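**Student:** Here is what each chain is made of, one letter per residue.
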Amino acid sequence: MRRMLFTAALALYALHQDFWLWGSARPLLLGFLPPGLAYHAAYTLVASALLGLLVRHAWPAELPRGLSESRETR
Amino acid sequence: MIEAVFVFAYMAVVLYVGLFAFRRAKSTGEDYFLASRSIGGVVFLLSLFGTHMTAFAILGSSGRAFREGIGVYGLMASSSALVVPLLLLFLGTRLWAAGRRFGHMTPVQIFRDRWEAGHTGTVLFVLQACLLVPYIVIGVMGGGTTLAALTGGAVPEWLGGGIVALVVMSYVFFGGMRGTAWVNALQTVLFLTFGAVACIVIAKGLGGFDRAVEALLADPAKAHLLTREKVSPLVFLSFTFIPLSAIAFPHMTIFCLTARRVESFRRTVVLYPVCILLVWLPCVFLGALAAGDPEISAAASASGTSDQVMLLLLKKHAPPWLAGLLGAGIMAAVMASDSQILALSTMFTEDIFAYYGGKEAFGERVQVITGRAFVVGVTVAAYAIAMTTTQQIFDIAVKYAFTGYAALSPIVAGVFWRRSTRRGVLASALVVAAGLAATAWLEAAYPAPGALWELGGVPVLSRTPGGLSILGGLLPVVPLVLASAAALAGVSLVTRPPSQATIERYIP
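As given, the protein sequences belong to chains P and B, one line each in that order.
Going by numbering that gives the first Met the number 0, the first residue of the first sequence is number 0, and it counts up by one from there.
Going by numbering that gives the first Met the number 0, the first residue of the second sequence is number 0, and it counts up by one from there.
Misleading hints may appear alongside valid ones.
[Stated by the list, open to error] Below, a sample of chain B positions facing chain P; criterion: calculated Cβ distance under 7 Å:
(1) 77
(2) 78
(3) 80
(4) 84
(5) 236
(6) 261
(7) 273
(8) 276
[What the hints assert, rightly or not] If you want the ones that stay clear, here's a sample from chain B, every Cβ over 10 Å from chain P, calculated:
(9) 7
(10) 11
(11) 14
(12) 158
(13) 161
[As the list claims (entries may be wrong)] Reference listing, derived: stretches of chain P covered by chain B, where coverage requires no fewer than 3 residues with Cβ under 8 Å from a Cβ of chain B:
(14) 3–13
(15) 30–37
(16) 42–50
Note that these hints are calculated values from the structure, not bench results.
Bear in mind the structure is a predicted one, so any value in this text is a computation, not a measurement.
In this text, a Cβ means the ideal position worked out from N, Cα and C, and glycines have one as well.
Just need the whole structure built from these sequences, with the hints factored in.
**Tutor:** Have a look at this one:
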């Protein structure tokens with residue numbers, strides 16, 4: 000699962016470069032949002048969803064809970 | 000003047016928050032600089048976001064969208080929406096754990112401990128401090144611009160910048176990290192609300208977004224603002240490197256250390272992109288649409304800067320009381336330089352004053368007083384620089400602060416790489432410093448446009464009106480990040496790592 004999510008994050012990074020929409024001014028989403036802007040707004044929401052999955056399935060394993068109670072000396 | 004009343008009322012509120020935090024403060028360094036590592040839940044999300052978003056998020060983004068169009072959202076916002084939370088998830092949480100476990104309060108303390116490095120830490124302090132000052136200057140400049148625009152010039156920019164600097168300095172001075180976090184949380188709530196309300200009001204004023212968009216598309220000189228025809232794909236790619244700066248900015252790293260529990264990062268990571276969408280989408284879209292308004296275009300041309308377009312839109316389309324309320328929202332974003340000032344003060348008192356014996360000699364109380372004195376000194380210096388600098392907000396931020404910190408991000412990641420060494424870190428830092436100095440020198444020495452270095456007819460390095468261009472379009476941030484990472488890795492692999500015990504403490 001972790002590997003799949005890391006691959007998805009890399010793929011999402013690559014999808015940021017949406018060269019196929021570069022010069023498109025139409026169709027306008029909801030009648031006013033240009034495709035280049037609508038794509039990146041949707042991209043932001045997809046990023047949030049992917050991050051939700053990463054938090055759930057790829058949370059750094061070595062981070063203990065309740066760490067705040069202990070402090071080592073330097 | 001109704002607008003100014005709302006803005007000054009907002010300033011009074013944040014001053015009160017600072018004083019309220021002061022009343023709850025303990026006289027320890029950890030309490031003043033890190034709020035005793037007690038920031039929790041929703042406040043952590045809102046204040047971390049508020050810390051990251053400064054004047055450029057509203058004024059700079061809408062001003063740049065006015066000149067270059069909707070591509071600005073993809074340039075900075077959507078790339079940040081993915082990269083910044085990833086950094087918080089995989090590095091921010093681990094930095095938090097190191098801070099908790101070993102009592103560190105600044106990134107340099109972590110670096111010194113992790114790499115058993117004393118003077119290398121001092122080099123990193125100097126580099127980080129030099130890069131942070133321009134970022135603080137942005138806040139002061141934004142404050143001056145905003146107050147001048149909201150009052151129709153009744154408060155001149157020099158006075159507006161001074162008032163903002165004084166207010167920020169006061170609540171940071173008294174409230175420390177607790178006051179700063181609360182004010183940042185309030186600021187985020189305000190500018191999230193601002194985005195939504197501004198959109199509705201301005202849409203109504205424009206006769207509907209669909210009408211404004213169609214009008215812009217019908218103008219052959221401006222239709223490109225709704226596409227990315229004039230944005231170079233290589234520049235677009237380069238900008239995905241800029242958000243790497245988030246984890247190297249000292250105020251962001253220090254903010255990561257303030258969380259009460261590591262679980263606070265979970266919500267922050269997931270909702271961070273949503274916050275970015277709510278702030279940036281309206282700013283960029285409205286900034287681009289403003290270009291279709293001849294009156295606003297003329298006013299922006301007359302003032303010589305496009306950073307005021309959002310304020311001009313508000314003044315034109317919102318009733319004065321609402322423009323004042325929304326102006327306070329903009330002011331909230333503009334005043335987000337508080338955490339940078341506090342971070343610089345924390346770094347000075349911990350990494351220099353305490354490290355070189357000041358804390359042992361004079362005690363913790365004097366250390367806090369030193370931190371407060373440093374807050375005053377930094378604010379006055381930032382104000383002086385802001386009043387003598389004329390470059391536009393966004394350009395200053397990107398050129399020096401963002402590029403430099405993005406290039407320092409491999410060092411932060413290196414904390415959690417077993418093979419990284421002190422000399423590797425020093426090499427990386429020197430590469431960043433040399434790269435930035437070379438960039439500044441080339442821009443000053445050679446006029447734009449012009450090819451500086453060609454190889455077989457291919458332009459390797461060119462001078463452009465915006466600065467420098469590598470391989471026909473890449474910005475200096477790309478080679479700087481790669482060179483910094485290569486220096487860290489290359490030198491680390493041929494030098495002696497710290498003791499195994501130290502490595503095990505950080506990477507179990």
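**Student:** A separate judgement is required for each hint: does it hold in the structure or not?
**Tutor:** We went through each hint and held it up to the structure:
no.: 1; hint: 77; in the structure: holds, 4 Å
no.: 2; hint: 78; in the structure: holds, 6 Å
no.: 3; hint: 80; in the structure: holds, 4 Å
no.: 4; hint: 84; in the structure: holds, 5 Å
no.: 5; hint: 236; in the structure: holds, 6 Å
no.: 6; hint: 261; in the structure: holds, 5 Å
no.: 7; hint: 273; in the structure: holds, 6 Å
no.: 8; hint: 276; in the structure: holds, 5 Å
no.: 9; hint: 7; in the structure: holds, 34 Å
no.: 10; hint: 11; in the structure: holds, 35 Å
no.: 11; hint: 14; in the structure: holds, 31 Å
no.: 12; hint: 158; in the structure: holds, 37 Å
no.: 13; hint: 161; in the structure: holds, 37 Å
no.: 14; hint: 3–13; in the structure: holds (count 3)
no.: 15; hint: 30–37; in the structure: holds (count 6)
no.: 16; hint: 42–50; in the structure: holds (count 7)
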